[in-house]
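If you want the building blocks of each chain, they are given just below.
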Amino acid sequence: MNTRHWHDTRLGTLGLGLAFPAVLALVWQVVANKGIIDPSVWASPWRVALAVSSQVQDPQFWADLGASLWRDAQGTALGILFGLTAGLALGRSALLRAYFGPTLDAGKAVPLFTWVPLLSVWVGSGEGGKITFIAIAASIPVLFNTAEGVLSLEPRHLELVRLYHLGLITRIRRVVLPGAGPGILRGVHQAVLYGWLATIGAEFLFEAGNGIGTNIMGARDLYALDVVIADMMAIGLVGVVLDLSFGHVERYLLRWREDHRT
Amino acid sequence: MTQEILRLNAVSKSFIVNGRKVEALSGIDLTLRPGEFTALVGASGCGKSTLLRLIAGLDTPDAGQILLDGVPINGASRSCGLIFQDHRLLPWLSVVQNIELALAGTKYAAAARRALALASLELVGLTDFAGAFPRQLSGGMAQRVALARGFVNRPRLLLLDEPFSALDSLTRARLQTELLRIWAHEGTSMLLVTHDVEEAVLLADRVIVLAPNPGRLNIALDIDLPRPRLRSSAELAAVKAEILHWLDDLAAAA
Amino acid sequence: MSGVADRQVIVLPARSNGQPYAVGQAWPRRLRFAAVPVLLFLLWQTSASFKLIPLLILPSPLQVWQAFLAAGASGTLTTALEVSLRRLALGYVFGVALGLPLGLLFAISPVIRKLIAPSFWFIVRVPLLAWIPFLMVLFGLGEALKLIIIAKAVMTPVTINTERAIHGIPAGWRELGRLYRLSPWVTLRRILFPATILPVFTGLRLGLVQAWAVLVAVELLASSNGIGFQLTMARQLFQLDTMLALMAVVGVIGFLLDRVLALAERRIGRRFGGAV
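The listed protein sequences correspond, in order, to chains W, R and P.
Going by the working numbering, 203 is the number at position 203 of the first sequence; the sequence numbering is gapless.
Residues are numbered in the working numbering as their position in the second sequence, beginning at 1, plus a constant of 1000.
Residues are numbered in the working numbering as their position in the third sequence, beginning at 1, plus a constant of 2000.
Treat each hint with caution, since some may be false.
List of simulated lysine to aspartate or glutamate pairs, DMTMM-like, C-alpha gap at most 25 Å [claimed, not checked]:
id, chain 1, residue 1, chain 2, residue 2
1, R, LYS1107, W, GLU159
2, R, LYS1021, R, ASP1062
3, W, LYS108, P, GLU2265
4, W, LYS108, P, GLU2082
To be clear, the hints were calculated from the coordinates, so they are not data collected in a lab.
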């Protein structure tokens, strides 16, 4: 069972991972060159590559990406802040849990995008509505995971608080926050990803403004598939980078655990 | 009258289990002398740990009085330390941070706390592991850190709740010797709860036997064997046999 | 994923003094969950009665109820629901049909896993909505667009949970099968199936809940029928009463899907709970 295969090497793993998309792209290119697919709809990989390079040189693309990221950052930060506060309160208070828990659980089951039409009327279809929507999306995982994290604090650890007369600050800094840390970080990690998804969604569904979501929709209207794919890859790349970098932060902060492998 | 550090007057405690009231401790009277090493033995479930938690101020008795240095206790007190059966180190704090936790809220500045924690760590010979996380320690090392945390704020009385029962026998023997060394060095009064009679006889000046259902004091035995004591000595074996005999009788009576 | 309220059913550990934790007893325990919704409803009704917020922005409960009845009577609601639920069912079946085998393949073949998993992960990490413009160019606003999006949403948790379930089978159990020379069929029925059913079902549940959420998003964005489209229509016509009624319908369906499957999951957990 423990024999080492060629694909267990770093190079083998990398090669295999790249082989699939490479073969796919090759087939696609060949099919496009032979004119089997309609070139007015299907862009070839080569044209996509050209679109990527022209997008990268276009200041408008960077301005849009920057606008989206800034919007994402604001909404997500607000959402995390709210989710963290509410989650800590819910986790610590059985009373709050009894009154608000079922309502929040039910609210969580309402699909996120259902709120869009309502928010666009109540908060407005501009920047305010978008940021509110992103904040809601980000707050949900933080709230629930923080509450769970706090609930998972072990009584035997909390007992040290009494034994050593720990003050509020020490208690929160040394016992509650790190004890609930795995839950909180899981929530924040999800919030970062949800926030980015909600940013794109908000740019699609609320009134057009700046941002990469608006950019990609514009390209779609022009049937510029190469630009659409280039933008899509950019959006995906941001998602991957956010995911990986937050994963690193999470692993670093949870290095005291044995089972931090995911 | 001899000086006393701890006095229990008619202490009782009961719990509600499945809606039924169960008496855990009944009318406990107990006096501890300063600097003395006392061991409390009894079968499991006779309320030994409950008694320790009452003295530590983590629980409150239903009736009776607990005086520490002549003053009724009111919640956990700094002059009374507690070592648990599990090491109770917070997994997210380093070894030295865990020890410093016992000094949080004291008058010491951060640097002084660090120095005290390191000194205490040196006492148990783990200076090299100051920056390690608990998961990187073996069970015996973790329990030594717990000892260091117990001693760091110089308690008048240190309570030990079966501190070595989760360890393998070799590690246990080593830690028992270690504990005696630190006790001789610090002169702290000790109250050890254990179900290991040999441990009690090896370590204590006085062994108190607790009878079960409800927990109550049965006999107190002064162990005047000279120190250092040898686990293999015939005198120790004789005392141990005597106490085991008592425990058997108690179990038969119950 | 257990919610905040689920924690209520967990028996709290006895306090160190042996008494169970006493949680505030001001309200009868079983009714406390209703306090917040009732309060919100009263606030809403008060606002409507005294026109604290213009009815155009926040219609009265009665208006919303009438809008709900009207949408039901005219057939718009039922037709839209029929369209949406059919989409949901079809997309879900596709997603499961793709996700289960893929998760199985990932779990049993390291080569296939290394070949496909990186691409799979990249596709998963591209926010679902970013696929919509791409698919719109290729397939227009047709059914294919919606089915692909829903299937993708379902496939992700199903694949991940299936793979995890198979990896999670304790090695000792498989050894047990070898030790007693169990036939493949008995091994499957007595060891593999009970060991994996719960996490696989979790994937199926998450998939369905996500499918509903995504369906609404797609219909809001790129559809000419279905419940999401009706929601957009109501928004554009500024009929907030209809909009709120439709939102409630979407929410209730999402809630029921989640609850029914969570209940089933708990049953499976009780039956096979020790398995993982």
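>> Does W:GLU159 sit within 25 Å of R:LYS1107, going by the straight-line distance between their CA atoms?
In response: Between R:LYS1107 and W:GLU159 the Cα gap is close to 22 Å, so the pair holds against 25 Å.
> Keeping to a limit of 25 Å between CA atoms, is the pair of W:LYS108 and P:GLU2082 held or broken?
Replying inline: This hinted pair holds, its Cα atoms lying about 24 Å apart.
> When you check the alpha-carbon spacing of R:LYS1021 and R:ASP1062, does it fall within 25 Å?
Replying inline: Distance of about 12 Å is within 25 Å: holds.
> For the pair supplied as a hint, W:LYS108 and P:GLU2265, is the alpha-carbon distance within the 25 Å limit?
Replying inline: OK: W:LYS108 and P:GLU2265 at ~18 Å, within 25 Å.
Hint violations for this structure: none, all hints satisfied.
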